[in-house]
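Using the sequences plus the hints, can you model the full thing?
2 protein chains.
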Amino acid sequence: MRCEVVAIGTELLLGQIVDTNSSWIGERLALIGIDSHFQTKVGDNAQRMEFCINQALERSDAVICCGGLGPTQDDITREAIASVMGVELRRDPVVEQRIVDLFKARGRVMTENNRRQADIPEGGRPIEQMPGTAPGLVCPVGDKVIYALPGVPYEMREMMEGTVLPDLMKRSGGAAVIRSRVLRTWGQSESGLAEILADRIEALDGIGNPTLAFQASGADGLKVRITAKAADEEAAAAMLAEEEALVRSLLGDVIFGVDEETMESVVLAALRATGRTLAAAEGFTGGLVAARLTRLDPEMETFVGGRLGPWGGAEDSAATGEARAAEAANRAREDFGASIGIAAIGREPGEEVPPGLARMAVAAGGNSATHSVALPGDRTQAREYAVIHLLSFVRRTLLA
Amino acid sequence: MRCEVVAIGTELLLGQIVDTNSSWIGERLALIGIDSHFQTKVGDNAQRMEFCINQALERSDAVICCGGLGPTQDDITREAIASVMGVELRRDPVVEQRIVDLFKARGRVMTENNRRQADIPEGGRPIEQMPGTAPGLVCPVGDKVIYALPGVPYEMREMMEGTVLPDLMKRSGGAAVIRSRVLRTWGQSESGLAEILADRIEALDGIGNPTLAFQASGADGLKVRITAKAADEEAAAAMLAEEEALVRSLLGDVIFGVDEETMESVVLAALRATGRTLAAAEGFTGGLVAARLTRLDPEMETFVGGRLGPWGGAEDSAATGEARAAEAANRAREDFGASIGIAAIGREPGEEVPPGLARMAVAAGGNSATHSVALPGDRTQAREYAVIHLLSFVRRTLLA
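Protein chains in written order, with the numbering used here: chain A, 366 to 765; chain B, 366 to 765.
Worth double-checking, as some hints may not be accurate.
Any copy, or any two copies together, can satisfy a pair, since identical chains are not distinguished.
[Said to hold, decoys possible] Capping the alpha-carbon separation at 20 angstroms, the derived lysine to any residue pairs in SDA-like fashion look like this: (1) 588 to 396; (2) 588 to 577; (3) 588 to 381; (4) 588 to 544; (5) 535 to 595; (6) 509 to 423; (7) 509 to 419.
Hints are computed from structural coordinates only; laboratory data are not their basis.
Okay, here's the thing in structure tokens:
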């Protein structure tokens, strides 16, 4: 089965907005085994829009139009689809009432134009999910289908997950539900993971379901995505759980999180669960560790403080190398009265080591653990990698 | 004149890479007045690639193919273009030698596949700029043209600026060179800028050259882009300089930088120029100010230190509100022996003010200046905006 994406909006062609929607949709389609051979961007022009939708419909089984469902005169995706279908638009009173209610609830003034958003091509139906004011559409054309989704990413995603992907799966005659889970790893290269999982991947290739896929995410680590197709939610969940257990038994604590979890969210959660607090001395990372942690802990209840200076606040120390990192971590801990202090500092002045050398320490109670890592890339890239290295070091120390 | 973009690569369709190249190219084309009605993404498949290039060539005067110029067997853009042109590929000995030399200079092993990158469709020519190992192509087809550029963004951009845009301008019968300059502003809304510049924009609309355009860039401020078309570099430079002077006389010090300058680069440069140093207390911004400054000053020579804690290191102070921010700024200055201390702290516990309220201070010598700003959006967004607010406050204080 083939599905094309037509992204609609002159602002996309002008480069005022980068079209991340098509990429996201393409990834999701691939996960359920649907081919997407072409993706097109077209402006807010009726003739060209119809041309693209028609062409996509000719060469594929399904077309996802994204954008042009707003209330302004530029928003003509509804009209273009009706024209391709050779039908009229009809105002849907139920959808119209939902829009009226939405505006009322938000205390916003509704214009006559907003009512246009309730116009639906004859034979089409609105998508149930409606996180914004723009209703999405499912418009069958013979045994093919055109979907229309808003360009606002979170609205588009909710409708994709809730309606389009399940509908496509039903149409492709495949499983009723498809679910995936991402296991996030740090500490193994992609080839290392592939080697460890090689037998399992080969076995799954034979079965075809579930599937395992890797995705490199730079300084966020490597993702292992398990995708399961099943008859119902329960069966999919069971399949994911079983496969996750198997992968975990092979990879061990290289896996630091699941789905939307990040190294910082996992570290903060572990600290909160045990009532501990953290302070950081960032000579090498220059505030990046703090910036990540305070994003999730803006009131600084768990990450209680940080100190930034070339030596992470250990400028007067006679120690060198990792010992200085340990001192910096201990001082951060004491300064802010935290349970745990951490530090990442760079090379000493005049020291003949690569600029990407970071010395790290985790200090708790009277003890400290240290290690060094030579990070590749320029200083900017090395800093990014140092953040997850340091947080991973904390995680392992917390778990120990 | 019309130009389409065909972005090539299965990884684009699968969403493994977001196609930012087409957006960037679309923006640049718009700036020189060339219409781009369609942009297409297609995978590494010869037949479909040729279909897209052919279609684009039928409905437009120029086609920019982006991607598929690498050395692997997947990289078949050269072959696809030759097929569309109905010609053979010929190995270009000059380009081949450049590739050989490049590998030698980098001490890397060259494979036979890399030589394929020197294959050029008959009638085409290599693009002079070659920042990587992939040569770009200019391939005339009748009075139309196909360009081929690598998918690596910086390589693509260098070839666009150096060859494709000038060639397109020559073909469109327009000016010989087109140059633009971005004036970066902070402290005025888009409508405010539009109002101040209204008369000038109206006057320029009549003349048609140079042009002024706004671009909102969120927490990076608003950009005013001046674009000038002229017979030669000198004339373009003169036109830009004249227009910049005029815009500056209207906007004053709302303009903080030019082109690639950022608020942090401007502040660091001003500090360096006067031999001063900076330290920060980041209660509200949680390390974001430090992260931005240390990116440009990784050895922390000018930005010498920072302290992060809910109150920016003034936890024991009896002062409240802006006075506490001033204390935090002064302590940061003293702690790190800096010329200037800055602080941004949030609301007091239990205080009945919006969560986006940030109190800021700049302290130097015995003096300090403070102000408060109520930032919109959620805490994450408010933090981003607080960074540029605080740096702008420093800039104005440094300049005073």
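Verification of the supplied hints:
no.	hint	verdict
1	588 to 396	within (14 angstroms within a copy, 39 angstroms between copies)
2	588 to 577	within (10 angstroms within a copy, 45 angstroms between copies)
3	588 to 381	between (30 angstroms within a copy, 12 angstroms between copies)
4	588 to 544	within (16 angstroms within a copy, 43 angstroms between copies)
5	535 to 595	within (12 angstroms within a copy, 58 angstroms between copies)
6	509 to 423	within (9 angstroms within a copy, 28 angstroms between copies)
7	509 to 419	within (12 angstroms within a copy, 26 angstroms between copies)
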